[in-house]
Amino acid sequence: MPRRSQRSRSLRRLRIKTPGGRSVTHFSRRKNAAAKCAVCKKPLHGVPIARDAGMAKLSKSEKRPERPFGGNLCSSCSRREIKRRLIESAQ
Amino acid sequence: MFEIGRICMKTAGREAGRLCVVIAKEKEKDFVLITGPKAVTRVKRRKCNFRHLEPTPLKIEIKENATDEEIAAAYEKFDVLKKLNVRTITAGEAKEAKPKTEEAEERREEKKEEHKKEEKREEKHEHKAEHEKHEHKEAKEHEHKEHKEAKPKKTRAKKEKKE
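These protein sequences, in sequence, are chains H and Z.
Okay, so the first sequence: first residue is 1 according to this note's numbering, each after it adds one.
Okay, so the second sequence: first residue is 1001 according to this note's numbering, each after it adds one.
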C-alpha cells in the first residue's frame, strides 16, 4: 500500500519498469494548467507552463510578453482595451 | 485618416498604449512612418502598419519627414499631451520623479560600506593564502636542494635553467 502521504489524488501514478524487471509505481506532481486570458479565457501565448522551480529559474521577461497587459490579456483583448480607453478619455 | 501630422496611439506591440505622430507614408502597402518622438512618448522612429494604430481627433502641423525636435516643439505648441489627457513620460523622468527618502539613502550608503568591507576582507584572505603558498614553496625548494647537493652537476644545470 502507498504510504498515507502518497494516497492523495493530486499526485499522479506512473507504472515504471525497473532494470531488475519489477514493476513499481512512482508518484509525481501533476503539471500546471496553461495561463488563460482574463476576459476571453483563451490560453495565453508567451507564458510558459511550469511549476515552482521551473518558473523561478526564468527571468521576468521570459514569463510574459513585453507589452501592456502581457500575461493577463490575449493580444486581441488588449488591443480592444487600449482602443476603448483612448476613446473614453477623448470624450 | 492617417495623414501627415495625425496623432495616433499604438495598439499593438511593445509600444502599445503610447502616442505617436504620422510623418510620412511608406512605399509599402498599409505602412506609415511614425515617431513619438522618443524623448516625449518613448516611441521610436520606425514604420508601422496603420492597422496597429488608433487615430485620435488631434492633428499637428508638421512637414513631411520632420525631425524629432521640430515635432517636440509642435507638441508643445498644440498642447497635445494635455488635450488628449494622456500621461506619457519618459523612463528617465519616471526615475527622477521617484522620491528618494532619507531612509532609502541611508540604506544605500550602508550597503556600499558593507560591500567595501567585504572587498577588503577578501583581499586580506587572498594575501594570506598567497603568503602561505609562497612559504610552502620555499620550504620545499630548500629540502630539495639539501637532498640533491650530493648528485652530479647535470641536475643543477637543469635546475638553473628552470630558475
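Keep in mind that a hint or two might mislead.
[Claimed, not checked] Among the chain H residues that face chain Z by a calculated CB cut under 8 Å, a handful are:
(1) L58
(2) R67
(3) A90
[What the hints assert, rightly or not] Per the computed footprint, the stretches of chain Z lying under chain H, defined by three or more beta-carbons under 8 Å from a beta-carbon of chain H, are:
(4) 1051-1057
(5) 1060-1074
These aren't lab readings, by the way, just hints derived from the structure by calculation.
Every residue gets a Cβ at the ideal spot worked out from N, C-alpha and C, and that includes glycine.
Where does the structure disagree with the numbered hints, that is, which hint numbers, in rising order? 1 and 5
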